Amino acid sequence: MHCHNEESMSQISIFGKIIIERMYNEKLSAALEELAGKTEGEIKTDRLTTLVYSTDASIYREEPLGVFYPRNVSDLRELLSFASENRVGIIPRAAGTSLAGQVVGSGIIADMSRHFTHVIEVNRDEKWVRVEPGVVPDELNKMLQKEGLLFGPETSTSNRCNIGGMIGNNSCGLHSVIYGSVREHIIEVKDLLADGSEVVFGPLSADELKEKCRVKGPEGDIYREISNMMEDSANRESIMRDYPERNIPRRNTAYALDDLLFSEPFVTGSGHSLNLARLIAGSEGTLAIVTEAKLALVPLPPRIKALLCVHLRHRDEAFRANLIALKYNPWAVEMIDSRILSLAEESAGQRSNRFFIEGNPGALLITELCADRAEDIMSSAGAMEREMRAEGLGYAFPLVWGDDIKRVWDLRKAGLGILSNMPGDAKPVTLIEDCAVAVDRLEAFVAEVEKMLESHGKDSVFHAHIGSGELHIRPVLNLKDKEDAKLLRVIGRETAHIVKRYRGSISGEHGDGRLRGEFIPIIIGEHNYLLNKRVKNCFDPLNILNPGKIVNTPPMDTSLRYVPGRITPDLQTWYDFTAEGGVIRAAEKCNGSGDCRKSSIIGGTMCPSYMATFDERLTTRARANIVREMLNEVKPDPWDSPEMMEILDLCLACKGCKRECPSG
192 MHCHNEESMS QISIFGKIII ERMYNEKLSA ALEELAGKTE GEIKTDRLTT LVYSTDASIY
252 REEPLGVFYP RNVSDLRELL SFASENRVGI IPRAAGTSLA GQVVGSGIIA DMSRHFTHVI
312 EVNRDEKWVR VEPGVVPDEL NKMLQKEGLL FGPETSTSNR CNIGGMIGNN SCGLHSVIYG
372 SVREHIIEVK DLLADGSEVV FGPLSADELK EKCRVKGPEG DIYREISNMM EDSANRESIM
432 RDYPERNIPR RNTAYALDDL LFSEPFVTGS GHSLNLARLI AGSEGTLAIV TEAKLALVPL
492 PPRIKALLCV HLRHRDEAFR ANLIALKYNP WAVEMIDSRI LSLAEESAGQ RSNRFFIEGN
552 PGALLITELC ADRAEDIMSS AGAMEREMRA EGLGYAFPLV WGDDIKRVWD LRKAGLGILS
612 NMPGDAKPVT LIEDCAVAVD RLEAFVAEVE KMLESHGKDS VFHAHIGSGE LHIRPVLNLK
672 DKEDAKLLRV IGRETAHIVK RYRGSISGEH GDGRLRGEFI PIIIGEHNYL LNKRVKNCFD
732 PLNILNPGKI VNTPPMDTSL RYVPGRITPD LQTWYDFTAE GGVIRAAEKC NGSGDCRKSS
792 IIGGTMCPSY MATFDERLTT RARANIVREM LNEVKPDPWD SPEMMEILDL CLACKGCKRE
852 CPSG
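Numbering (our numbering), first residue to last: 192 to 855.
Since the hints were made in silico from the structure, they are not lab data. Since the structure is predicted, the reported quantities are computational estimates derived from the model, not experimental observations. All residues carry an ideal CB built from backbone N, CA and C; glycine is no exception. A few of these clues could be false.
Beta-carbon label-pair distances, calculated as ranges [stated by the list, open to error]: (1) Lys826 - Ser790: 35 to 43 angstroms; (2) Val681 - Arg262: 40 to 48 angstroms; (3) Leu841 - Glu224: 35 to 43 angstroms; (4) Ser275 - Lys407: 15 to 23 angstroms; (5) Glu837 - Asp616: 35 to 43 angstroms; (6) Lys642 - His718: 28 to 36 angstroms; (7) Asp616 - Glu402: 30 to 38 angstroms; (8) Phe768 - Glu312: 47 to 55 angstroms; (9) Lys724 - Glu549: 22 to 30 angstroms; (10) Ser275 - Ile792: 34 to 42 angstroms; (11) Glu771 - Glu639: 43 to 51 angstroms; (12) Ser543 - Lys724: 49 to 57 angstroms; (13) Ser790 - Ile758: 35 to 43 angstroms; (14) Val681 - Ala803: 44 to 52 angstroms.
Here are the simulated lysine-lysine pairs, DSSO-like style, with alpha carbons at most 27 angstroms apart [as the list claims (entries may be wrong)]: (15) Lys403 - Lys597; (16) Lys642 - Lys673; (17) Lys218 - Lys235; (18) Lys642 - Lys496; (19) Lys496 - Lys403; (20) Lys333 - Lys597; (21) Lys780 - Lys673.
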């Protein structure tokens, strides 16, 4: 009788939860309808849209409640009010090219890329620009070229990512040895705080900071809390001791409390005033929603440039070659390993970009040199080659000029997409790819990481920003396999401990997101992690701004794009997908890098339906997502779905993606 009662109570409890959940969903639906009536923006909650927005370029997948396309600041205020009343998270999203799951979550996606796309003002004399967060950096730089100016940070996704996303991640990119990160270029941001109030964060003198601390309301609360934290001697000592070394230029782990500490008035003679815009850079939309940004510009680089493409016999040689290259004041030093070069040979869009390659190098070290005279470049390149040959480094040193430079950089930038072309379910995954250490310690650091991976029987692929002390190390894992999925946390945690020994940063430019958030205490210590939580709570007491990113993150191996242990269906098709392992694996080659989001300003063919509509649902990426989702569902005819029909109906079959998508 007692057992029967326990069983009945359990059934009642489950039934009660279902009733409560249904009531909550009905209330939420009514609130969303009310929100739609108050705003000029568009709200979509249909399953097609939520599936399309359930992923970014990371390993994660989580369906949002809906997607909101705000048209103005008033719309965003209404969205914030809705989120506060209903305790729903808001996830600000730009191009969705983030690699750490920053824009994946269960709340409402606020897609800023459709309407917040204006360049508001350019000041040529003072060298700054004011933009909205949906502006594409390459499009901005095309416009600025006639002014002789440039926005310096340049990610590999710069032809489709958005300025808002670059601020959220504190992006660096190809030429960071010269230009640094977005934080070095951000002058001022106009933000909406969690309560909907508008603030402008910019540089403050000591007297201006005192005035801000006297302001009532959320803005004053923020300045008072930051000041109290930075003036506490125990906090100052902890930040200086445990944050990554300041000589590491790529430091994106956690909130930038170390940057705030080393500013006036907290450190006299630091060289820059306190500016909370620098804290917003790298905060991933967890502290405020950026609606405008004032960014510093730089003059265009010298008109003559060339790439010295050092062919190395083995990738281990790249570390010594890099230290030599850095003596010659390069504008970029990048590495590409042999795995990427081999995959590029099989890519229709990248095969021709291998034109400069001689033999079968174990790795390439690409060094960009700029000068006003070609003779100066040839002199530097010749001296660099002689020094490397004297050290037994390199066997070929082609010097690439003119229009061919773009082709080499296109090959380098396509690395992320190309890696998806590795045959089979095991792929180089985003996990520990963003670690940065002091450049003179990079070789030893990588050796330790390689040894750790070998202890787990795993290989890796290397590429990217060796000149800045950061290599994108991607272990090859099959996330459909339960054992490999378990290794995600193991490899992440062990790498974090290695990074800590080198006083490095576990995130150099890609952000913490939900991927690396749980490892932050290892890097900066528990005391500093609690300070980070205080910052989050001060800005966002109700935890509605991109919750679960940087602090209070969910377990990093949950909500994965692939369900470990689930068998990939083998479906019969008219077309032959044998080489890809079937039609589903062909769709899975899309890693979400978003190359299909280019506008007509950038050029190319892919993707005409997106170019015409700026609708994320009509990108090649969205089509791959929906094909993957629908064909993995268990039903008699997985092709028979309204979502599949709608997503494929406007595909023009132009084959632009066949050539331009790095995933093929």
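Against the structure, the hints come out as follows:
For the hinted restraint 35 to 43 angstroms between Lys826 and Ser790, the CB-CB distance of approximately 37 angstroms keeps it satisfied. Taken as a hint, the range 40 to 48 angstroms holds for the pair Val681 and Arg262, whose Cβ atoms sit roughly 46 angstroms apart. For Leu841 paired with Glu224, a C-beta distance near 28 angstroms fails the hint of 35 to 43 angstroms. For the hinted restraint 15 to 23 angstroms between Ser275 and Lys407, the CB-CB distance of approximately 19 angstroms keeps it satisfied.
The given range of 35 to 43 angstroms is broken by Glu837 and Asp616, whose C-beta atoms sit roughly 29 angstroms from each other. A hinted range of 28 to 36 angstroms for the beta carbons of Lys642 and His718 is consistent with their spacing of about 31 angstroms. Distance hint check: the CB atoms of Asp616 and Glu402 are about 59 angstroms apart, inconsistent with the given range 30 to 38 angstroms. Between Phe768 and Glu312 the Cβ separation comes to about 50 angstroms, which falls inside the hinted range of 47 to 55 angstroms.
Between Lys724 and Glu549 the beta carbons are some 53 angstroms apart, a value that contradicts the proposed interval 22 to 30 angstroms. Taken as a hint, the range 34 to 42 angstroms holds for the pair Ser275 and Ile792, whose Cβ atoms sit roughly 38 angstroms apart. One distance hint, 43 to 51 angstroms for the beta-carbon pair Glu771 and Glu639, is violated here, with the actual separation near 36 angstroms. The hint said 49 to 57 angstroms for the Cβ distance between Ser543 and Lys724, and at roughly 51 angstroms that hint holds.
Remark: the range hint 35 to 43 angstroms for Ser790 to Ile758 is upheld by a beta-carbon distance near 39 angstroms. For the pair Val681 and Ala803, the beta carbons lie near 46 angstroms from each other, so the given range of 44 to 52 angstroms is met. Annotation: proposed proximity of Lys403 to Lys597 is violated, straight-line Cα distance about 47 angstroms (limit 27 angstroms). This hinted pair checks out: Lys642 and Lys673 have alpha carbons roughly 23 angstroms apart, not beyond 27 angstroms.
Using a Cα cut-off of 27 angstroms, the hinted pair Lys218 and Lys235 holds, with the two alpha carbons roughly 17 angstroms apart. With a C-alpha separation of about 38 angstroms, the suggested pair Lys642 and Lys496 falls outside the 27 angstroms cut-off, and the hint is violated. For the suggested pair Lys496 and Lys403, the alpha carbons sit about 47 angstroms apart, so the restraint of at most 27 angstroms is broken. For the proposed pair Lys333 and Lys597, the alpha carbon gap of about 15 angstroms is at most 27 angstroms, so the pair holds.
Between Lys780 and Lys673 the CA atoms are separated by roughly 20 angstroms; this keeps the pair inside 27 angstroms, and the hint holds.
Of the numbered hints stated above, those contradicted by the structure are hints 3, 5, 7, 9, 11, 15, 18 and 19, listed in ascending order.
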